[in-house]
Amino acid sequence: MSEINKNEVDIVIGALNADLTQFLNSWKPFFSGFHLIVVKDPELKQELNIPQGFDVDVYSKTDIDKVVGSSNSTMFSGYSCRYFGYLISKKKYIVSIDDDCVPAKDPKGFLVDAVSQHVNNLENPATPLFFNTLYDPYCEGADFVRGYPFSLRSGVPCAASCGLWLNLADLDAPTQALKTEQRNTSYVDAVMTVPLKAMLPISGINIAFNRELVGPALVPALRLAGEGKVRWETLEDVWCGMCLKHISDHLGYGVKTGLPYVWRNERGDAVESLRKKWEGMKLMEKSVPFFESLKLPETALKVEDCVIELAKAVKEQLGSEDPAFTQAADAMVKWIQLWNSVNSSG
Amino acid sequence: MAQMYSSVKPTPMLKDELDIVIPTIRNLDFLEMWRPFFEHYHLIIIQDGDPSKTINIPEGFDYELYNRNDINRILGPKASCISFKDSACRCFGYMVSKKKYIYTIDDDCFVAKDPSGKEINALEQHIKNLLSPSTPHFFNTLYDPYGDGADFVRGYPFSMREGATTAVSHGLWLNIPDYDAPTQLVKPLERNSRKFDLPIFLYVDAVMTIPKGTLFPMCGMNLAFDRELIGPAMYFGLMGDGQPIGRYDDMWAGWCVKVICDHMGWGVKTGLPYIWHSKASNPFVNLRKEYNGIFWQEEAIPFFQSVTLPKECTSVQQCYIELAKLVKERLGKVDPYFIKLADGMVTWIEAWEELNSPHGTEARAPNSGKI
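Just so you know, the protein sequences line up as chains A and B, in that order.
Position one of the first sequence corresponds to residue 1 (the numbering used here), numbered consecutively onward.
Position one of the second sequence corresponds to residue 1 (the numbering used here), numbered consecutively onward.
Bound-form chain A, shown alone (with noise of 0.2 Å):
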């Protein structure tokens, strides 16, 4: 892999548990010389305990009271106070990992740079347009197949970057309560382009992305009314998701998916989660053909105002179908306001 550049990257954590120590010591191979962005969830009470040895600034309820007003820090609380870190950040490049996983080990035994490796792909085109066989056409040893048009070749920017779990995959309650002793053992080792219009479950867990590109297209929108402090009891990343990669699609950039691999651990039980009304469920069945027949205008070339049809489109069409959605259309408005207003004050 080439060279990164350092300075480029912002790598921003979702403080959901207090005591980041063992953490960020067993990430600090990966994370040393970079910037990093610590957001404490509003509503957790303890102080946070982060180790000496980083280049990190915390920010915590008072902090995201100054800057978005009291009535809006709602909209960062949970899993969700990371995007105040994409709002504020200002370099190119986040990587985002959460704060239950460690460095993976590869087949051969050795720890995953997921950090270096999140921001190749982000560094290297992505290749919606056309499937590749052989999967990255741009990493060594790789690439294009025989008929794979040549036009297509060079590729379209690389927006997000989708890594991935060893040992708790990203199941949901229903499946992992199912099946309590599963995990994930399969080290699979591609990285390749999510298709254009394929629609896919982004999670929040280990993901990257070229702020400068799709920066605001990130969105804290989606709530579920009983959402807790586990991600079983959540669906804001895969409805950010969603809107990632329709805005991306039609804008013309890609979405990978594959490497990097994390290691997350035990939290949790998805039993319990069970117990709670999993509504989660229903909205995607709702969200599923709203995503699949919606067309965005052609006059939205900006991220910005993609993120605007698209809320106005989800409050058309999906607002009468649960409150959520009529919220998460309200909070896609305001998180263009608050990011049009932190990032033009410069």
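Misleading hints may appear alongside valid ones.
For the chain A half of the interface with chain B, some residues (derived, Cβ under 7 Å), not all of them [claimed, not checked]:
| id | residue |
| --- | --- |
| 1 | F130 |
| 2 | G141 |
| 3 | L171 |
| 4 | V188 |
| 5 | L200 |
| 6 | P201 |
| 7 | K282 |
| 8 | M284 |
| 9 | E285 |
With a cut-off of at most 30 Å between alpha-carbon atoms, the simulated DSS-like pairs for lysine-lysine come out as follows [unchecked claim]:
| id | chain 1 | residue 1 | chain 2 | residue 2 |
| --- | --- | --- | --- | --- |
| 10 | A | K286 | A | K334 |
| 11 | A | K286 | A | K66 |
| 12 | A | K6 | A | K105 |
| 13 | B | K311 | A | K295 |
| 14 | A | K197 | B | K113 |
| 15 | A | K108 | B | K113 |
| 16 | A | K105 | B | K118 |
| 17 | B | K78 | A | K105 |
| 18 | B | K311 | A | K197 |
| 19 | A | K108 | A | K28 |
| 20 | B | K78 | B | K113 |
| 21 | A | K90 | A | K6 |
| 22 | B | K99 | A | K108 |
| 23 | A | K286 | B | K187 |
| 24 | A | K45 | A | K334 |
| 25 | A | K108 | B | K78 |
| 26 | B | K118 | A | K179 |
| 27 | A | K66 | A | K312 |
| 28 | B | K99 | B | K113 |
| 29 | A | K91 | A | K286 |
| 30 | A | K295 | A | K315 |
| 31 | A | K197 | B | K328 |
By construction, these hints were calculated from the structure, which means they are not laboratory data.
Being a predicted model, the structure only gives us computed values, none of them experimental.
Note that the Cβ used here is the ideal one computed from N, Cα and C, for glycine as well.
Put chain B on the given structure of chain A with help from the hints.
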């Protein structure tokens, strides 16, 4: 649960429902390596080139063999749709088969090993791929959700978890990758492996569904499909002798197949299994064959990407005839070759109907092998 492994022979799944179609011009010595995996299956050998030559087939395989004389005899004037001096002729094998499934493999492809050193039973994996559903309507980030130890990720719509019927299983290759001539010329030494890590090849341990609406380059080297579903769309076009193009047979079939599968709601999988591709063909010869294809695919791809088949087309044959019509209309102006090709596509369907209808001609090969 302890399992005992002796010199256990693989259980031949679907052995009465699957034919293995192999085009060849030389010999079939490669079958020796595949024996434990293929010996219970029926083979259909399509002998290309000089029909007077005798193809050497290892003992003990159950096969039927067709040379050019047989093809001409069986199809009569319709034989014009079957290529000569090109492995595209293999699609004749699909037409004469009576089985539900087809596996086709090139005669320079051998058994590969997975990273643990175990031999890969490619046929078994293809069968698993075909017998389990696909997920063309929503991408699963953990790839095939129906595999062992796998599942759908959080956020995957529950209404889509039953998946779609799988029509095609597209396998990959270790060692010599399937590159086009220009790439081969630029990278003559490249193996499908990580550089500096030669003992460990670039083995991607996944099967995935190619999303609906997405085209891909389908390689015929290691390919399986449900013949009863998609067989009529697996025409490998007019290539080789007397044609201005070669090495685009499988590509052409793949674009047609994908458009029709998308229309019919069936899935196309790619990924495992790997085979070991041993022979790199001559890049200069390849360049001459592919030359027109390199330019024509720039027109063909946008054509296939924009095709919508009318909902009145409810059978694969109907879809294919409609596609042939569109090829003639829209690609005919790129080159007269496409007009010929479109006619070939129609002839193919006519021949398919003739051979596969209840009153169709029974194909009898004079060179049928004994068990």
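Hint by hint, here is what the structure shows:
1. F130: At 6 Å from the nearest chain B Cβ, F130 of chain A passes the 7 Å test, so the hint holds.
2. G141: holds, 5 Å
3. L171: Given a least distance of 6 Å, the restraint on L171 of chain A holds.
4. V188: Where the cut-off is 7 Å and the nearest Cβ of chain B is about 4 Å from V188 of chain A, the hint holds.
5. L200: holds, 4 Å
6. P201: holds, 3 Å
7. K282: violated, 9 Å
8. M284: holds, 5 Å
9. E285: Nearest chain B Cβ about 6 Å off; hint holds.
10. A:K286 to A:K334: Holds, because 23 Å separates the two Cα atoms, which is no more than 30 Å.
11. A:K286 to A:K66: The hint is violated at about 36 Å.
12. A:K6 to A:K105: Since the Cα atoms of K6 of chain A and K105 of chain A sit roughly 23 Å apart, the hinted pair holds (cutoff 30 Å).
13. B:K311 to A:K295: holds, 22 Å
14. A:K197 to B:K113: violated, 35 Å
15. A:K108 to B:K113: Judged against 30 Å, a Cα distance of about 17 Å means the pair holds.
16. A:K105 to B:K118: holds, 22 Å
17. B:K78 to A:K105: violated, 58 Å
18. B:K311 to A:K197: At roughly 21 Å apart (the allowed maximum being 30 Å), K197 of chain A and K311 of chain B satisfy the hint.
19. A:K108 to A:K28: Given pair K108 of chain A, K28 of chain A holds - Cα atoms ~21 Å apart, limit 30 Å.
20. B:K78 to B:K113: violated, 42 Å
21. A:K90 to A:K6: This hinted pair holds, its Cα atoms lying about 13 Å apart.
22. B:K99 to A:K108: Distance ~43 Å between K99 of chain B and K108 of chain A Cα, so the pair is violated.
23. A:K286 to B:K187: Roughly 48 Å separates the two Cα atoms, so the pair is violated.
24. A:K45 to A:K334: It holds: about 26 Å lies between the C-alpha atoms, which stays within 30 Å.
25. A:K108 to B:K78: Roughly 55 Å between the alpha carbons, so the hint for K108 of chain A and K78 of chain B is violated.
26. B:K118 to A:K179: holds, 28 Å
27. A:K66 to A:K312: Given pair K66 of chain A, K312 of chain A holds - Cα atoms ~28 Å apart, limit 30 Å.
28. B:K99 to B:K113: Holds. K99 of chain B to K113 of chain B sits at ~29 Å (cutoff 30 Å).
29. A:K91 to A:K286: Distance of about 35 Å is beyond 30 Å: violated.
30. A:K295 to A:K315: holds, 15 Å
31. A:K197 to B:K328: holds, 28 Å
In summary, the structure is inconsistent with hints 7, 11, 14, 17, 20, 22, 23, 25, 29 from the numbered list given earlier, while agreeing with the others.
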